[in-house]
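Engineer: Sequence:
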Amino acid sequence: MRIVLCYPVGEKHIRQIQEAAPEYEVINAGQERIDELLPTAEIFIGHAKVPVNWDRVLDAGKLRWIQSSAAGLDHCLVPGVIANDQITVSSASGLFAPQVAEQTFSLLFGVIRRAPLFFRAEKKREFVRLPTDDLRGKTVGIVGLGGNGRTLTRMLAPWDVRLIATDHYPVNCPQEVDALWQDDQLDHLLSQSDVVILTLPLNNATRGLFDHDRFAKMKRGSYLINVARGAVVKEAALCEALQSGQLAGAGLDVTEVEPLPEESPLWDDPKVMISPHVGAQSYRRVDDSTRLAAINLKRYQAGLPVYNCVDKVLGFPHPNDTYKGEAS
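As numbered in full-length UniProt numbering, residues 1 to 328 make up the sequence shown, in order.
Calculated from the structure, these hints are not laboratory results.
Hints are not guaranteed to be accurate.
Within a straight-line C-alpha distance of at most 25 Å, the following computed PhoX-like cross-link-like pairs (lysine-lysine) qualify [as the list claims (entries may be wrong)]: (1) Lys312 / Lys62; (2) Lys49 / Lys12; (3) Lys312 / Lys324; (4) Lys123 / Lys271; (5) Lys217 / Lys234; (6) Lys62 / Lys49.
Across the chosen pairs, the derived CB separations fall in these ranges [what the hints assert, rightly or not]: (7) Glu32 / Ala236: 32 to 38 Å; (8) Gln301 / Gln185: 18 to 24 Å; (9) Arg64 / Glu240: 45 to 51 Å; (10) Lys324 / Glu262: 38 to 44 Å; (11) Val78 / Pro270: 38 to 44 Å; (12) Leu130 / Gly208: 31 to 37 Å; (13) Val286 / Glu36: 35 to 41 Å; (14) Arg15 / Lys324: 39 to 45 Å; (15) Arg64 / Gln182: 29 to 35 Å; (16) Glu263 / Asp59: 24 to 30 Å; (17) Thr132 / Val278: 21 to 27 Å.
Model, not experiment: these values are computed from the prediction.
Every residue gets a Cβ at the ideal spot worked out from N, C-alpha and C, and that includes glycine.
Please take these sequences and the hints and turn them into a complete structure.
Structural biologist: Structure (structure tokens):
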């Protein structure tokens with residue numbers, strides 16, 4: 001019985017995994033050997049950022065559980081894994097929600113207070129007052145109220161904003177949220193929102209969700225913040241919405257193509273603030289990922305449902321199944 005790891009673990013993390021599953025052989029494959037070793041695993045913990053031959057993994061017939069070290073699962077939810085009833089998949093949904101929220105705030109205040117314009121003026125040593133906007137009093141729409149979205153609502157509430165949201169599972173509405181609707185009410189949310197924050201997963205239903213038609217349904221002069229997955233937004237449609245003034249600004253931690261190509265017009269747009277997909281970065285990330293993996297390993301061996309077990313078609317867990325910080 002083998003556990004294969006593929007995230008930046010140290011010796012202490014490997015020991016922690018081994019102590020949680022003493023009957024298993026634990027191998028740290030890293031990105032360099034994950035394609036070679038994944039077919040030998042019963043349990044895979046991590047996030048392969050290199051191409052993996054999933055057909056070979058499935059043909060081997062050993063894999064029973066994937067514990068992703070990321071919230072997004074597009075790296076492992078290939079058709080064969082989705083169709084295989086013997087493979088359970090769990091995510092890190094909500095585990096890095098505070099960090100994602102902090103990154104959201106940096107982008108949100110950056111575009112509202114016109115930081116890109118001031119950065120450009122600073123480089124020219126131009127001490128010139130330029131127009132800014134206010135967050136206070138705005139309606140903020142959150143698209144996807146999972147772990148990241150719910151943490152955002154708590155952190156945004158003190159800023160004197162009206163919060164509305166959509167989600168596939170519109171349940172357990174946070175007290176800070178004025179209205180929570182089913183995800184088919186997205187256009188209604190867009191029509192009311194001064195700021196739209198994307199915290200939804202990437203799947204067949206959300207890929208390219210924000211296209212020309214969807215941007216046309218947003219309030220003119222509103223803002224878009226994307227800390228979800230880049231492919232949820234069509235870059236060409238986003239650029240057109242910015243150029244036309246339909247959007248007053250955009251804060252992007254993710255882009256449709258990553259890295260963002262040098263020739264993309266988004267780089268030169270003074271209404272856009274870009275960060276290189278660092279929303280979930282944290283000095284505690286590996287520690288927190290390992291702690292969740294160890295907790296879930298004990299549950300897996302005891303025959304209990306693991307936390308953050310996802311609907312493999314949707315790519316995310318039900319809110320009632322998410323990890324909420326229980327001690328091991």
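Engineer: Confirm or reject each hint.
Structural biologist: Results for each hint:
no.: 1; hint: Lys312 / Lys62; verdict: holds (18 Å)
no.: 2; hint: Lys49 / Lys12; verdict: holds (23 Å)
no.: 3; hint: Lys312 / Lys324; verdict: holds (20 Å)
no.: 4; hint: Lys123 / Lys271; verdict: holds (17 Å)
no.: 5; hint: Lys217 / Lys234; verdict: holds (15 Å)
no.: 6; hint: Lys62 / Lys49; verdict: holds (21 Å)
no.: 7; hint: Glu32 / Ala236: 32 to 38 Å; verdict: holds (36 Å)
no.: 8; hint: Gln301 / Gln185: 18 to 24 Å; verdict: violated (42 Å)
no.: 9; hint: Arg64 / Glu240: 45 to 51 Å; verdict: holds (46 Å)
no.: 10; hint: Lys324 / Glu262: 38 to 44 Å; verdict: holds (42 Å)
no.: 11; hint: Val78 / Pro270: 38 to 44 Å; verdict: holds (39 Å)
no.: 12; hint: Leu130 / Gly208: 31 to 37 Å; verdict: holds (34 Å)
no.: 13; hint: Val286 / Glu36: 35 to 41 Å; verdict: violated (22 Å)
no.: 14; hint: Arg15 / Lys324: 39 to 45 Å; verdict: violated (26 Å)
no.: 15; hint: Arg64 / Gln182: 29 to 35 Å; verdict: holds (33 Å)
no.: 16; hint: Glu263 / Asp59: 24 to 30 Å; verdict: violated (40 Å)
no.: 17; hint: Thr132 / Val278: 21 to 27 Å; verdict: holds (25 Å)
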